[in-house]
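Visitor: The lines below spell out each chain.
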Amino acid sequence: MKFSYSWLCDHLETDKDANEIGEALTNLGLELESLTDYSEYSKFVVATIKDFRKHPNADRLNICKVDDGTNIYQVICGANNVKKGLKGIFAKDGMYIPGTQINLKKGKIRGEISEGMLLSERELNLSDDHEGIIELLDDFQNGTSAVEALKLNDPIFEIGITPNRGDCLGVRGIARDLSAKGVGKLKPLNFKKINQLEFASPIIWNINNDDNSCEYVVSRYFKNVNNSKSPEWLQKKLISLGLRPINALVDITNYITIDLGRPLHVFDADKIGKKLDMRLANANERILALDNKEYTLDKNTTVIADGDNALAIAGIIGGDYSGCTDDTKNVFLEVALFNPNSVAQTGRTLGINSDARYRFERGLDKNMVIEGLEYASYLINKICGGLVSKNIEAGKLDNFEHKINYKFDYFNKTIGLELDPQKQIKILKDLKFQINKSNEKECEVLVPSWRNDVKNKIDIVEEIIRIYGYENIKQSVPSVSIDDIDKIDNSSTNKKYKSIKKLKKTLISNGISEVITFSFHSIRAQEILKGDKSLKISNAISDDQSYMRNSMIFNHLESAELNFKKGYKNIQLFEIGPIYNSPQSQENILSLLISTEKNTNSIYKSEEFNFYSLTELTSILISSLNFDIKQFNISRSTSNTYHPGQSAELFMGKKLIARYGKVHPLIMEEFSKLKNCYAIELFFENLPIDSISRANSINILDSQFQYSEKDFSFLFEKEQNLYEVQRYVKGLDKNLIKNVEFFDLYVAKDLGDDSKSVTFRVTIQSKEKTLEEKDLEQLHKNILEKVTNKFKAKIRS
Amino acid sequence: MDIKKVLNEVTKEIEQSSSQQELQNVKVAYLGKKGKITELLKSLKDLSLEEKISSGSKLNLLRIEVDNLIKNKFNDLKIEEINSKLKNEYLDISFPPPNSIASKAHPISKTFDEVITIFGSMGYSVAEGPDIETDFFNFSALNIPENHPAREMQDTFYVDDKDKEGKPYVLRTHTSPVQIRTLLNQNPPVKIIAPGRTYRCDSDSTHSPMFHQVEGLFINENANMGDLKGTLIEFCKQFFNVQNLKVRFRPSYFPFTEPSAEMDIAYEIVNNKIQLGQGDRWLEILGCGMVNPIVLENCNVDTNIYQGFAFGVGLDRITMLKYGLTDIRSFFSGNLNWIASNGFTIGDF
Chain A
0 MKFSYSWLCD HLETDKDANE IGEALTNLGL ELESLTDYSE YSKFVVATIK DFRKHPNADR
60 LNICKVDDGT NIYQVICGAN NVKKGLKGIF AKDGMYIPGT QINLKKGKIR GEISEGMLLS
120 ERELNLSDDH EGIIELLDDF QNGTSAVEAL KLNDPIFEIG ITPNRGDCLG VRGIARDLSA
180 KGVGKLKPLN FKKINQLEFA SPIIWNINND DNSCEYVVSR YFKNVNNSKS PEWLQKKLIS
240 LGLRPINALV DITNYITIDL GRPLHVFDAD KIGKKLDMRL ANANERILAL DNKEYTLDKN
300 TTVIADGDNA LAIAGIIGGD YSGCTDDTKN VFLEVALFNP NSVAQTGRTL GINSDARYRF
360 ERGLDKNMVI EGLEYASYLI NKICGGLVSK NIEAGKLDNF EHKINYKFDY FNKTIGLELD
420 PQKQIKILKD LKFQINKSNE KECEVLVPSW RNDVKNKIDI VEEIIRIYGY ENIKQSVPSV
480 SIDDIDKIDN SSTNKKYKSI KKLKKTLISN GISEVITFSF HSIRAQEILK GDKSLKISNA
540 ISDDQSYMRN SMIFNHLESA ELNFKKGYKN IQLFEIGPIY NSPQSQENIL SLLISTEKNT
600 NSIYKSEEFN FYSLTELTSI LISSLNFDIK QFNISRSTSN TYHPGQSAEL FMGKKLIARY
660 GKVHPLIMEE FSKLKNCYAI ELFFENLPID SISRANSINI LDSQFQYSEK DFSFLFEKEQ
720 NLYEVQRYVK GLDKNLIKNV EFFDLYVAKD LGDDSKSVTF RVTIQSKEKT LEEKDLEQLH
780 KNILEKVTNK FKAKIRS
Chain B
0 MDIKKVLNEV TKEIEQSSSQ QELQNVKVAY LGKKGKITEL LKSLKDLSLE EKISSGSKLN
60 LLRIEVDNLI KNKFNDLKIE EINSKLKNEY LDISFPPPNS IASKAHPISK TFDEVITIFG
120 SMGYSVAEGP DIETDFFNFS ALNIPENHPA REMQDTFYVD DKDKEGKPYV LRTHTSPVQI
180 RTLLNQNPPV KIIAPGRTYR CDSDSTHSPM FHQVEGLFIN ENANMGDLKG TLIEFCKQFF
240 NVQNLKVRFR PSYFPFTEPS AEMDIAYEIV NNKIQLGQGD RWLEILGCGM VNPIVLENCN
300 VDTNIYQGFA FGVGLDRITM LKYGLTDIRS FFSGNLNWIA SNGFTIGDF
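One line per chain: the protein sequences are A and B, in this order. Counting from 1, position 226 in the first sequence corresponds to residue 225 in numbering that gives the first Met the number 0; the numbering is continuous, with no gaps. Counting from 1, position 177 in the second sequence corresponds to residue 176 in numbering that gives the first Met the number 0; the numbering is continuous, with no gaps.
Isolated chain B (complex conformation):
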């Protein structure tokens, strides 16, 4: 019996197999119950012990080798078969998908989020109040009496319906009424911000009848104007992401703060674009001041013990400055092209 001959024979047959079925036939012919190699192994029983040992081990090696050859060939044939199948499954990968518009968050949402985060890191919690306010909360309690010229600083929208005092409701002209609502509800120390919608009857490229503000209020035993200055500078540095920020505080007037200030930040025009932080031009960013003791007294706060500061920032304005947007009206048009161009993807929001 020539093992080599058998090996040559089976190797050839395995190589020539072109399908898994053919290969299976070869496997049966050699390793099956009646296969050639099986038969050879069976015939060992008639041999002497010595021959059994020598032929047996050779035959076993042959069986293992053939088995391996078949397994490998099976594997090759399988890959070949899948590959040939894949050839028929080719799609046109260049067929363009339908146009869709990127879904994004509104820039104002991003600003709200940043403002809440930055002031949150300084210990401010968020408070809120309604858009439709009473005369008391929007004006009187804030030391803006009727017929006072300060009322004409803001063009107020009125609502037909009247409140309990018989005065028409107003659309809040600023977020400052939240100061009053919070102080009437909560004992000092108070440290809150209140972002929200505000309204004035005015409409052009920099004024919208609806816009957004954030109010800030910090009342405790010793919050002073230096703290106010430091807090707002820190906010602007973080919000505008400018470490080297040139700012200016200048005296101003709001009936509900005394002393009052407005804060400007420096800018210059570089390549026709506004660059914030340095330069010799100024942009008004916010109004602020020490809460007028009259306002605190209106809220039953003991001014012998407590004092503090308040500020109001136009959120649309700082958003426009930060991202170089020019027309506030586009903020509220619902134009998805604008949102896709100026909004924020989920990762950036």
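Chain A extracted, bound-state conformation:
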């Protein structure tokens, strides 16, 4: 909401300056967004183009001789409205241009010297207009300051109005709030009611209000008006806010919208029928609106119509055809109370953000309907002359009446501040709330008609503290209770964050960086990774962000590619965040991507990263969560994200704990620059939270007696799960078999297609004694026999 200092002073008698008022507005909850004071623009002056010629080296540029009253300057200008005798606004060498945020420098443009600049409105931050340079219509003397020539001597406030404060969408409402804050005194509205309403309106309302979208409407007919330019005071007011004056009738309605926050509409009475209706639009009914756009309406839109013709979209915008022009002789004024809900819905459907809609959907002051009618009639009559009809109305105007029972100590309990009932009452009265009955404990509050947002006793508390001042609230920090600490200790989410932190530390110490990527998937990623279709975002802002992701791998490949383009060949990154299986199912996982190139460094040569390096890393991560990778059931992954032969899934019962492997070559086709990509997805939420958040949990037996090692080689079936073998061997004697370590795998043609040779080392140690040779031999024999039988394995020598 924009308004000028002088406009505010129409309603508020105050000795405070613009800065003080700005601060008061913010303290009232009417946040000052900007206060534009143009006094610094006095350095820019009026100057005249004495003469100009084409720039010899540039088609679009002109070389102008500019007179600022003191000197003649040569100025190179690219504007298309350059002409001899044009009076504009001139900036000299060294001056700061606010719109472009640069200091002007004298210099050559294509070989010709330029000593200054003729400014556009945009270069002065007055509007977005950059079509040409400012062309002053009045005959100012050269050298006159821009502040005077452009009438910029009135500070402009721009404030943010929260959706509850529709009452402050008019300058008068703002003045009213300021007066309650003690910033000044509210002046009475300055107009006279028209006493001679001579005739009945020839146009009548015939409302078939089938959707309750209009509670009440009142109109007057103005005969024989003279609609031309508005008087200077009115034009100046509109211009000061960046609005363009059109003609008196239109300007008056715009003025009252801003002044009182009361939208109203004027029809050219000769362009509309005699019976006006408010009805729901027909499907596909069209209307050309005052913004010069044609809208196609639907059956939920309320229109003002004369029979078949829609004349205006109720509460939102008028139609172009029935609008008032300079030739308008007879006028029909409409002041209505439209239903905020239906205005909001229609406005949103049609995408029209008009001043009227903005106000109607926030709810209007019912008592302002008649006041608005009278004020508009007064102005039309005063400015355009003519005769005014009697009221013609439809619907019913109810009195606004809202009472709230309020206990004074509710304020104290909510705010934590003792405020005397008398002080509370004073503040409410300053805000024009009426206090009906009161004793020392409670009172009955009558809410003023413009405050439809004040509904409950808590709203009364808010009003009082808003005026009393938030700065007066005493701060205190509540103490921490044992119950609080208990809850933190037992919170599974706290435990989860603890585990996540452990994971992050493990990852970072392994040289892997953390990234955060969007929760979205591109259309392409969605196609390739076949996410659930129900995850489509209806109003996505780009194709890259069209779905909610069901995996992070695609995002991470994109990151890897970005980093590859920056010169990194070995990229290791991870993210801990959500993926989405359906709108109802989201899980937080760790996803990690490693993209490596063949090592070409002959000095720092390390082994190439492969599936087994990845398995080792997976194992480290799982260990950091107090689990042992070998305790899970392992199987090949069937996910189409991974290479089918070089990927695995770990399960605990039916719960997927991890999936890792080489990224599928088909996906890598999309990322041709990247060579060797591996990923791990760790579904840590599927692990029992109490186990993974514990600090210490692995219990390793420590024996002082001598240990013995023995290697075993077997031929197994090719798909034999070695995790099972390992668990089985370890389980053969839990007291003596300390460790089973696999260290060799041999697969070759000479073994046949369906077997593999595997060697593992068993470490045997007792915690009670040094084992004797015969004990060891018995155990070795046992292992050989049992493994052979259990897994259909052959001993290999």
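No lab work stands behind these hints, which were simulated from the structure alone. Mixed in with the good hints, there may be bad ones.
In silico PhoX-like pairs for lysine-lysine, Cα to Cα no more than 20 Å straight-line [unchecked claim]:
no. : chain 1 : residue 1 : chain 2 : residue 2
1   : A       : 473       : B       : 245
2   : B       : 245       : A       : 495
3   : A       : 473       : B       : 163
4   : A       : 535       : B       : 245
5   : A       : 42        : A       : 53
6   : A       : 535       : B       : 109
Pair ranges (Cβ atoms, derived) [to be verified]:
no. : chain 1 : residue 1 : chain 2 : residue 2 : range
7   : B       : 243       : A       : 111       : 52 to 60 Å
8   : A       : 587       : B       : 325       : 45 to 53 Å
9   : B       : 2         : A       : 771       : 53 to 61 Å
10  : A       : 695       : B       : 78        : 44 to 52 Å
11  : A       : 602       : B       : 78        : 28 to 36 Å
12  : A       : 159       : B       : 323       : 32 to 40 Å
13  : B       : 322       : A       : 747       : 23 to 31 Å
Covered stretches of chain A (in silico footprint by chain B; criterion: 3 or more residues with CB under 8 Å from a CB of chain B, positions within the stretch not fixed) [as the list claims (entries may be wrong)]:
no. : segment
14  : 411-419
15  : 544-555
16  : 592-603
Every residue gets a Cβ at the ideal spot worked out from N, C-alpha and C, and that includes glycine.
Add chain B to chain A, keeping to what the hints say.
Guide: Structure of chain B alone, referenced to chain A:
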């Protein structure tokens, strides 16, 4: 027999030994089974008791001294030998290692961690809720009815799929739905924070379609607006590490709190950089207020007994302010250069 002569002789031979083997030979020649000194000791048996005693002790001293000389020489030779071997094992220590990029934690992780720690010290446990929300949790239950202009305060992403009420799912526009989820699940007193991802369809250097917030909720019999003010000032002091922090609470509007406030902190520009804490400019930090009784009633909380406050802080925003970062889009680009420059090493995290 001249002990001195033998000593001179053996000392010379020990000194001249240039390898452990030579020295070993000397040792055998003097102290071996048939060595000179051994022989001398053996010959003692033919002497008288008196001579045995006098020569014996001298010979024993000689044996010990020679033994020591040999041990010392062995030691010297060993060191010499290792040293000469080391000369051949010199590597080019200046051969530069391959370039690698420092692995770090994302600044947002650091902020999450600090927020959880600071509020944890004030007794807040962590709660959470889903990113894809129903209209009920994101709007209606929070007193934001359909067609209410407050819905337009936030540009909402919608999902094609519809919930049980037939309304499209939304990407939560704030973390406030966690208030509702928690209150429906847990009886007061409730003291939680809920950090997480939030979404609005907006994108420029200060707005990202995805960003992070932390929600706070404290409901008991008497939590009041003074407590709210104190809690948030304390949080900001700790988070921004500024003891002398100038703040401003000003009235605002959120449908789910009443009275509502926004908190600004003062700043000034020093050497072209934002310095927080003092000065006469203001930066908006967070929104907060007393939980609207309508919201509590929506969650079946008895408002005759319970009251409390809630707040929401933009985590990306306070991270940017704390570390002087300017473009929110770089947070989510996956650019490892950016992470290495702005992230945190394991020790700092």
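Visitor: So which hints don't hold here, by number, going up?
Guide: 2, 3, 4, 5, 6, 8, 12 and 13
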